[in-house]
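Trainee: First to last, the protein sequences are chains A, B and C. Using numbering that gives the first Met the number 0, the first residue of the first sequence is number 0, and each one after it goes up by one. Using numbering that gives the first Met the number 0, the first residue of the second sequence is number 0, and each one after it goes up by one. Using numbering that gives the first Met the number 0, the first residue of the third sequence is number 0, and each one after it goes up by one.
By construction, these hints were calculated from the structure, which means they are not laboratory data. Note that the structure is predicted; figures quoted are calculated from it, not measured. Treat the hints loosely; a few may be bogus.
To be verified - Straight-line alpha carbon distances no greater than 25 Å define the calculated SDA-like cross-link-like pairs of lysine to any residue that follow:
1. K99(C) with M154(A)
2. K90(B) with K495(B)
3. K161(B) with W61(C)
Residues per chain are reported as follows:
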Amino acid sequence: MLDRLHLGPAEAGAVFVRSPHYHRESEWPLIIYTVSLQSAVGTLIGGLFWTRLGRMMLENLVLTLALGAIGMLGAIGHVSSPLRAPRAILNWRCSWLSREILLSVAFVGMVFLAGLIYLLPDLVGSASDLSALVADGLRVLAGLTGLALLGAMSMSYLVPTRPVWNHHDTSASFYAGAFQLGWVVSAALLFVRVQRIEAAPLVLIACGLIVLTLLRIYIILRVVERLRGLNVYRDQPHSWLTGRTRQIRIILAVVGGVVAPLFSVAVIFLPETFSATVTEGIWIIAALLLFVGEGIDRWVFFEASPAVIFPPRF
Amino acid sequence: MQTIKSVCGRCHNSCRIIATLKDGTLVKVKGDPDDPRTQGALCSKGLAATQIAYDPRRVIHPLRRVGPRGDGKWERISWDEALTEVADKLKGYKEKYGPRSIGFYRGQAAGWGFQYLMFQRFCNTFGIVGGMGTSECFVPRVIGEVITYGGIPLYSDYDNAKLLIFWGRQPAFSGATQMRKIFDVRDRGGKIVFIDTLQFHVGARADQFIFIEPGTDLALALAMLTVIVEEDLWDHEFVNNHTNDPGLRQLREHLNGGNRDGVTYSPEWAEGITGIGANVIRNLAHEYATTPGACLLTGHGLEAHINITQTARAIALLRAVTGHIDQKGCDVLVPPSPNYNPKFFFNHLMEPGYQEPADLRLFGNSHSFIPEGCRYPLLFMMQGLHATPDVLRDLRDNTTKATFTQGGNPLRMLPNPEGVRDAFLKAEFNVVCELYHTETTSVADIVLPAASYLERTEPEWFKYDYWLPVVSLRRKLIQIGECKSDSQILVDLARKLGLEEYFPSDDMTYYIEDLFARENFTYKELEESENGIVFGPVMYNKLAQFGVDLPGGKVNIVSVILGSMGFDALPVYYEGSENRRSKPELAKEYPLNCLSGRAGPQYVHCQLRTIPWLREITPEPCVLINPAKGQELGIKSNDLVLVESPRGSIKLKAHLTETINPLSVYVPGGWEEANYNILGIEEDVCPISSQANYLQCLCRVSRISEEGGH
Amino acid sequence: MLKQLAFLFDPTRCINCYSCEIACKQENALPPLVDAQPGTTGPRWRRVITLEEGVYPDARVWYISMSCMHCGDPDCMKSCPSGAISKRAEDGIVVRDAKKCIGCRFCSWACRFGAPQFGTDGHMEKCNLCLGLLEKGELPACVACCTGGAIQFGTVDEISQKVRGRAAMRLAGATDPQFYLLAAR
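Chain A with its partners taken away, still in its complex shape (with noise of 0.2 Å):
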């Protein structure tokens, strides 16, 4: 493990004037594999923290199955032969993405269980204590099994390889996004689902949400202080996230995960017409917000990620 996070071209020496090997990763399909599949971790475990205040674990275990599904399709798109993809899932002894892609299987799977198993009273008719149990505790596992496939997502970006993701930073980002997203859509879910909802969980809530947006900005600007002046290839991208894109992002992190949240609190003091839909809505947008910022992250984690090819030293 030491080994790996370690080895950095600062050791080789050299400067390497021409980059052997430099091809742009497939972005798109494994931002979106990402972002939606540890935004859908994050929502599943931000919900098991309040589903009891709303009865919306069904809506929330679908919004998780959708978020998961788009994520699963993303990583479809990204091999080259989409037909062969559940191929993926057999190293799993030695390799860390088939253990990553496992982990997806399994949690969409048991997240898509869980929802029918609770369902299943209403399906055959019949009213059931023993589902809702049965549904929890599929519930859970399936939280601690997302928990796992972000620590496999991270083990399968800490390469020697590349030293802009070989760093424990990546795992605390994913980690961090993770439940910050996770944190904002299943509010917002219940804002929607609920339509009047009381201060004090309002503002826990709030609260939340900002210290979780306090972290990943710490984070945030931890990665960028990593990796400033990161000039590896002369001729490859050597900066992650500059100026502007580092601006838009942590705004779009500030706005919508501190200014949205405490606007929201302010409003508790409107009228009772107001807050509801206004609340509503601030959470929704807050989540947007928080999503394009965190896609905008993993853009530049791809885009800037040159390949480090390390030559022998003699």
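Fit chains B and C to the supplied structure of chain A, relying on the hints for placement.
Mentor: Below, chains B and C without anything else, positioned relative to chain A:
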């Protein structure tokens, strides 16, 4: 699947190849492991043969211009129609205006082996003198060598050498297949020294790399001579018995201030000009003189300065005073070429008093008369072609009315491309034999589709380095469209011109047999031989056997020929035409040396830009700049920059590299998009050889935009 | 494994002539993409890279020609999710099964030497030590054409014979790359 042994013709190194054909289609080419020179190696250009063969951009039918010149509109015509028109026009001009109205021009790609001999036969029988192709390259150096020892040291005896000094020569670009032998010298304990302005490719592998201020090689050579003379390192036996300056009295006096400028050519003096430490110069001279197998391998990097012939002379003197000429392990004079049949050339048609030599050995066939309008007789005597400045003058003052160009693209490759274009436009009738449409075909009236080396059969022995006296057969592998080889075109044209008496057959075999009529092998034997036919032994010390064909019958330390023509009989240092020392005022505005040369090991001059495998490696031209200079000018790699000289400017990307001096930049040559020749100099020429100062000038560089911008 | 095959590279003989790249492209019919996708190259199973150290006039410039290292413990094999990459038992050549590759490109992230390449069909392809030529008793294309004689190859035993008298190094790496280097003098 058919495998055929042939000879590559992508450059002049003539490496043997094995071609694989499947149902008549060329599918693979590789080096021949049985070739003792290359041991199976082949350069990137030769390996791309399958793409060269079937390049869809080739011209494959004879074309006649439709509409005004430069419009690029053509109509396809038959060979018969094309050649009839060309023949009628040429006959007409010759009858009305005389032979000087016809200009037959050569470029590199037409080849200097068999195809050139056919060209000589054609010119002699048609009664004209050809031009171009010699001022630019190689022959200016040859003059300096031939007038010193009567022969060309074309080949270095790698197998026995202990010291190789590469001087302005980059084997990675030309003849890369020699490299195994060159490195073997080091494996046997020898040393490789590189004197150059760019420390890349083979230069990066040298044991000692010496950066030299561009265009000052003459100073280095003179200083080395001084060291050798002063420290008594010269070969007394050879100098006293075989040269015209026994005891080196005249040379010593000349080097010690007894010259026209009164300068003593000491290492300290040279240090101020070349930038090379005086001690380095001393040690180099010492090593060269005292190592028994020492070679000076010169290349085109010496050229394109107005002091080229005297530079080659000074280097020839280094060989002469140390006796390192034509000995084992040294630079060896061109050994006996196949014994040409002198009747092949019909020289007597151009020279009524022509005497057939007993054997055409040491120095091939050339004219011994000076044609009308020739201002550079020494150049003409080497290769029998008019100097390029004479050619351009004849075009510009309308003496030449019809041109026929083979294997060259002068409108890109000569300095002052606009001026050259205007010169060609003045001619009334232009014919170009080419593989592609180029700037030169754009001013043509008739374009004839030429064949590449893969599409013609001819004998090949011309290997510009590591010469073994073996003649092989280059075999025709494929036929592309209606393309014909340059030789075939000349034969067919000659027959249309009424020269059937001298060109009785249209089968190339007849001419090959005629050429080798004196040899003891037949064409059939050549055709059947797998590994070629040895036509002579490797010989050293030929000067002793064949004598020195120069005034006095001895090696000319003091050049009687140069002296009699009013040039310096012993080299006096003078500067290139445009640099910081010769034009200090100009250098204030244009502070950098702008150099040019090959664009990489995968290109030849302006050729091969359309070959995809090769183009991938270097898709666009980049000017090489030192990083310290780049930082000073605010330039990073891949930025778009403007390179300006007093004559023009070009835009191209920059590439920073530590392999070049901060005061020099290198613009790779032959690119249409960023043609160095727009910057370079046409009118300043070496007075002896006519070579223009065309690859070095002063410039300034500035950034236009960042990477990716415009 | 009967005999692991490996490349021996002599950087004191490499002059950056690109013969090895072109010979490899010819042997394996690799498509150039310079026309179809300007600014890119097609797959390069062999790549020559330039290293510059130091500053003018004392810069050291080296050229290294690299292809697949046919590692003893290949990262590409471990990383491939569909098990399309395997190492031959008889000679240690790392090969890929074109029918199993899904084109996810994960192997190109795992390989430290840039060996996996991608052509127009999106599946991974890389140096296979010219298996076809080896079977006919010929040398790999890059070895045969190398103008400086820098690229050599053989079994590990043959290579130790060749390096006698010169300091040689095995390229170090966690993946046990089968690439030997003759040291600079």
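Trainee: Which numbered hints does this structure break?
Mentor: Those not satisfied: there are none.
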